[in-house]
Amino acid sequence: MLPTLAPEPFDSPDHLFELKWGGVRALAYVQRTHLRLQARNLRDLSPLYPELAGLPHQLRARSALLDGEIVALGPEGHPDFSLQRSRLASCLLKPPAKRPAAAEISYQAFDVLFLDGRSLLNRPLAERKSILRDVLEPSQAAQVCDFIEDEGIAFFEAAVEHKLEGIVAKEKGSLYFPARRSPAWLEVRALQGGEFVIGGYTFGGGRRRDPFQGLLLGAYRGGRLRYVGQVSGGYSDEEAAGLAGLLSKMHVARCPFVEPPAIQRFIFWVKPQVVCQVRFSHWSPQGRLRFPVFAGLRTDVSPQDCFAEQAPPPPPRPRRGPLS
Amino acid sequence: MPRSIWKGAVSFGMVSIPIKLYTATESKDVSFHLLHSKCHTRIKQQRYCPACDEVVEWNDVVRGYEYGPDQHVVMDDGDFEKVPVPSARVVEIVQFVDLDKVDPIHYDRSYYLEPDQAGAKPFALLRETLRRTGRVAVAKVSLRQKEQLSILRPYADTLALETMYYPDEIRSTAELAIPGDETPLSDRELDMARSLVDMLSGEFDPSQYQDEYRLALLDIIEKKAAGQEVARPQPVAGKVTDLMEALRASIDAAKKERAAERARRPASRRAAG
Numbered sequence: 011m012l013p014t015l016a017p018e019p020f021d022s023p024d025h026l027f028e029l030k031w032g033g034v035r036a037l038a039y040v041q042r043t044h045l046r047l048q049a050r051n052l053r054d055l056s057p058l059y060p061e062l063a064g065l066p067h068q069l070r071a072r073s074a075l076l077d078g079e080i081v082a083l084g085p086e087g088h089p090d091f092s093l094q095r096s097r098l099a100s101c102l103l104k105p106p107a108k109r110p111a112a113a114e115i116s117y118q119a120f121d122v123l124f125l126d127g128r129s130l131l132n133r134p135l136a137e138r139k140s141i142l143r144d145v146l147e148p149s150q151a152a153q154v155c156d157f158i159e160d161e162g163i164a165f166f167e168a169a170v171e172h173k174l175e176g177i178v179a180k181e182k183g184s185l186y187f188p189a190r191r192s193p194a195w196l197e198v199r200a201l202q203g204g205e206f207v208i209g210g211y212t213f214g215g216g217r218r219r220d221p222f223q224g225l226l227l228g229a230y231r232g233g234r235l236r237y238v239g240q241v242s243g244g245y246s247d248e249e250a251a252g253l254a255g256l257l258s259k260m261h262v263a264r265c266p267f268v269e270p271p272a273i274q275r276f277i278f279w280v281k282p283q284v285v286c287q288v289r290f291s292h293w294s295p296q297g298r299l300r301f302p303v304f305a306g307l308r309t310d311v312s313p314q315d316c317f318a319e320q321a322p323p324p325p326p327r328p329r330r331g332p333l334s
Numbered sequence: 003m004p005r006s007i008w009k010g011a012v013s014f015g016m017v018s019i020p021i022k023l024y025t026a027t028e029s030k031d032v033s034f035h036l037l038h039s040k041c042h043t044r045i046k047q048q049r050y051c052p053a054c055d056e057v058v059e060w061n062d063v064v065r066g067y068e069y070g071p072d073q074h075v076v077m078d079d080g081d082f083e084k085v086p087v088p089s090a091r092v093v094e095i096v097q098f099v100d101l102d103k104v105d106p107i108h109y110d111r112s113y114y115l116e117p118d119q120a121g122a123k124p125f126a127l128l129r130e131t132l133r134r135t136g137r138v139a140v141a142k143v144s145l146r147q148k149e150q151l152s153i154l155r156p157y158a159d160t161l162a163l164e165t166m167y168y169p170d171e172i173r174s175t176a177e178l179a180i181p182g183d184e185t186p187l188s189d190r191e192l193d194m195a196r197s198l199v200d201m202l203s204g205e206f207d208p209s210q211y212q213d214e215y216r217l218a219l220l221d222i223i224e225k226k227a228a229g230q231e232v233a234r235p236q237p238v239a240g241k242v243t244d245l246m247e248a249l250r251a252s253i254d255a256a257k258k259e260r261a262a263e264r265a266r267r268p269a270s271r272r273a274a275g
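Chains as they are written, first to last, in my numbering: chain A, 11 to 334; chain B, 3 to 275.
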């Protein structure tokens, strides 16, 4: 279940508020002592996170399906996606020569969907949270995600102050809708960032002997892949070399975007299969990313999940109950 | 003690049994008030005349019967009083029939009868006779200015009055698309359908049915009223907990700051004004 975007934070007694962790969203399938961490694109992430292998032992049940986020914390105790970057990239690229800085990995569980064979999808969120609290014994590696009640605005401001990505507001009475983007969960972003599909790359130019000049990014709107901008910075030399090698094996003859970008450079088109994380300043009125910076490969996200939100939809007010 | 809605007498032949009527059923549908979303006050209905552009009070409202497009015959209270209503306060039995000859489609509302002290014996006699003969009484009763056709039958330990629709108030099925009796049905199909019906057959026990929707709705309402205390997770010492504590501290600090602001502002306004 995925959130829809809200343009502004709000206070509400009917919602609880969690941090937008900016980590890797993963379902945790636990069967006795066996754990499988599954990404949004269904990839098995368990081999990438040996630190979390002990999760099944924290469960006071024989089997469960938890929903949560794999968070990497930096030295100051803040979530930092870049600390997970090389792990994710290693699914497609060779691991870097230099070992990345050790990151403190923790699984923040924020939902429980199945427990000992019973489905909890039709129970309201408040009840699922209670059950989760009773069933997961916390440890450094895996905990039940904490939340705030009522004070969405103050929480968001505090998150911005601490340079965090934003917050997610969830309706206390909401049910769980697998694989759906639902307004029962609302995401308020502090920083602009997103996941985009690599549809091609430009070649040549640049001061160094760069394997490519820039990556051409796209996102889906209305079922078609639209070009949203070119990113030419944010990756290390090693990442760039690895990407070039990967993309050179994915050439296609036709432009995968609905409209080819007007770029006066030599372009190689690739199959739109690789997704990357990008930070950017804002959307231009023409629907392009302004000042984008590459922030890592998202081997845990499928291309279809990259959608172009031109502008967050008009403010959905916290929903009221049915008038009868 | 429930309140009776009607007082009168059951009469047939030379017999007259003084009785009271009580409604037999109540709907337990969850009902809601309509409130203004901004202040949650109950909204008031007003009647509005678009031609005169004014709010109309009840004493300026009359009833009109539409006999043609936008053409009305206006009735006043005097007109209604001219309709001959047979002597009120009587449940007049006109016939006795077998219960299973009356189709349930006729039934409208149900009422219970309770005899006055003086009528206790004839009431018991009528009840027992109806039980033994397996018959019910067809009666006419004037409830609410209208003469109702009704059935009087033994129910539980009393007599129930079922008001009925008149035959011309019951719609015909002629205009519906119903497959006719000549629809070809094979013996196998009939046998299979029959065995399905047999499988699900049993004694009718209404107590095994509950209004699930109403119960679920009431549950939600109760939880909302209780403010829905959501259990907070147990904290574990570590960076994530520290982060959340830092955020909570920021929230509390911001709340105190805002409260202090509000306390200061009126003073400065007073000084300026």
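One or more hints might be untrue.
Said to hold, decoys possible - For lysine to aspartate or glutamate, the following EDC-like pairs were computed, each having C-alpha atoms within a straight-line distance of at most 16 Å: (1) K241(B) - E167(A); (2) K257(B) - D90(A); (3) K182(A) - E167(A); (4) K258(B) - D90(A); (5) K241(B) - E86(A); (6) K257(B) - D160(A); (7) K30(A) - E61(A); (8) K226(B) - E18(A); (9) K241(B) - E137(A); (10) K226(B) - D54(A); (11) K257(B) - E137(A); (12) K22(B) - D78(B); (13) K46(B) - E59(B); (14) K226(B) - E167(A); (15) K173(A) - E159(A); (16) K257(B) - D24(A).
Derived from the structure by calculation, the hints contain no laboratory data. Keep in mind that this is a model prediction, so the values were computed, not measured.
Here is what the structure says about each hint:
| no. | hint | in the structure |
| --- | --- | --- |
| 1 | K241(B) - E167(A) | violated, 20 Å |
| 2 | K257(B) - D90(A) | violated, 28 Å |
| 3 | K182(A) - E167(A) | violated, 22 Å |
| 4 | K258(B) - D90(A) | violated, 30 Å |
| 5 | K241(B) - E86(A) | holds, 8 Å |
| 6 | K257(B) - D160(A) | holds, 13 Å |
| 7 | K30(A) - E61(A) | violated, 22 Å |
| 8 | K226(B) - E18(A) | violated, 25 Å |
| 9 | K241(B) - E137(A) | violated, 27 Å |
| 10 | K226(B) - D54(A) | violated, 39 Å |
| 11 | K257(B) - E137(A) | violated, 29 Å |
| 12 | K22(B) - D78(B) | violated, 31 Å |
| 13 | K46(B) - E59(B) | holds, 13 Å |
| 14 | K226(B) - E167(A) | violated, 27 Å |
| 15 | K173(A) - E159(A) | violated, 21 Å |
| 16 | K257(B) - D24(A) | violated, 20 Å |
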